[in-house]
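Undergrad: Here is what each chain is made of, one letter per residue.
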Amino acid sequence: MRAVESREVRHLVGRLNRGDRLPRDLLAVAEKFGVKAGRVHAIGGVTTLAVTEFDVEAQTYREPLRRAGMTEVLGLAGNLSRRDGALFGHLHISACYEENGATKMLAGHLVEAEVFVCEFHIVAYDDVELIREFDPSTGLALWNLPDKE
Amino acid sequence: MRAVESREVRHLVGRLNRGDRLPRDLLAVAEKFGVKAGRVHAIGGVTTLAVTEFDVEAQTYREPLRRAGMTEVLGLAGNLSRRDGALFGHLHISACYEENGATKMLAGHLVEAEVFVCEFHIVAYDDVELIREFDPSTGLALWNLPDKE
Amino acid sequence: MRAVESREVRHLVGRLNRGDRLPRDLLAVAEKFGVKAGRVHAIGGVTTLAVTEFDVEAQTYREPLRRAGMTEVLGLAGNLSRRDGALFGHLHISACYEENGATKMLAGHLVEAEVFVCEFHIVAYDDVELIREFDPSTGLALWNLPDKE
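Residue numbers (our numbering), protein chains in the order written: chain A, -17 to 131; chain B, -17 to 131; chain C, -17 to 131.
By construction, these hints were calculated from the structure, which means they are not laboratory data. Possibly wrong hints are sitting among the right ones.
Identical chains blur together in the list; that is why a pair holds if it fits in one copy or across any two.
Listed below are the simulated EDC-like cross-link pairs for lysine to aspartate or glutamate, each with C-alpha atoms no more than 16 angstroms apart in a straight line [to be verified]: (1) K14 / E(-13); (2) K130 / E13; (3) K130 / E80; (4) K14 / D129; (5) K14 / E81; (6) K86 / E(-10); (7) K130 / D7; (8) K18 / E39; (9) K18 / E111.
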């Protein structure tokens, strides 16, 4: 268990413009407001989408699944922290479109997307430092928080 | 990029009753607590559900997909703001049920649902005004926030 | 409608370790920080997962669907409250993996999972008491909040 409590929190709300890129332009919002750590949740729709998943054995992300065409974003969720000195968004996306009268999903770790509409909320943790460092147990860059167990 | 910071935030938590209607009765909670803008997240289950998706070319929502029968709500997520002078909920729903030993999804823009159980959280932004106006780039009613790019 | 407003809120952020168990080790974090009521959202990945859904007629949860192997967690969402004198997590999980070049979902009410990575946010409501009691209208243990309708 590795956790910290944030007591200085700011709440941002807004939207991206049609044609904006994810995650780039969401990170630009966070940068503009001086966010160093936080959480993100958004809904909306995208006109292109690429998602991936982590391959545990290869310790790398797989070749993305891609789709062009309007796709509803049920949830774009994750967090903001620092990696290699820059603001980094770890975002998972749950998206869907109708096909043959049923819901078809396209979901996973967000690689990139083009925004149709994106209504977002960011909770900034202004008193918390979340730094990603290589974690040998997973092969991922994870928060270097002290283990409290 | 169009975003604002809210510094006066309230947190509501509660549940709807069996037989309540979504989004109507969730909006009634928000009205009762004087919420003018905010975000919503809920989990639970519904006994009827109708979802849709936006058709970009037709600039309108499609004929809803409907289901009757218990459906688990993985996430009912979105926001509260003003449209045409009234409180408006823009809510996407991610729901599922088991079929032949596998997860079957029904998801999209929430049209309506009948509640079995709905445990919700509302974060009210009391110092922020979010007004939806027609946006010609999408054909949707979007928040009239100034563009900061 | 049964809702309360929390004015004493704390924000926790952190991650679980590889091999930790859900929901057990997430509840352990909450216990360690003295959380009595709150909400939860997390993303990440799990190496085993069991989900279920509520059977309204039988008034019980079904036999779980299970999967072993890396599964992306799009959203682990829900709440913390008291049931039978102990901290209880009501958590729904939306998870996926790639199969034949498409997204395959495994989702529902979380039974248990083994963590690969879990980056979580907890909003603690320190001034709110949420106690689950048997609700005859659903057969579930629901929050005993006064009805304000």
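Undergrad: Which numbered conditions among the earlier hints are violated in the structure presented, ordered from lowest to highest?
TA: 3, 5, 6 and 8
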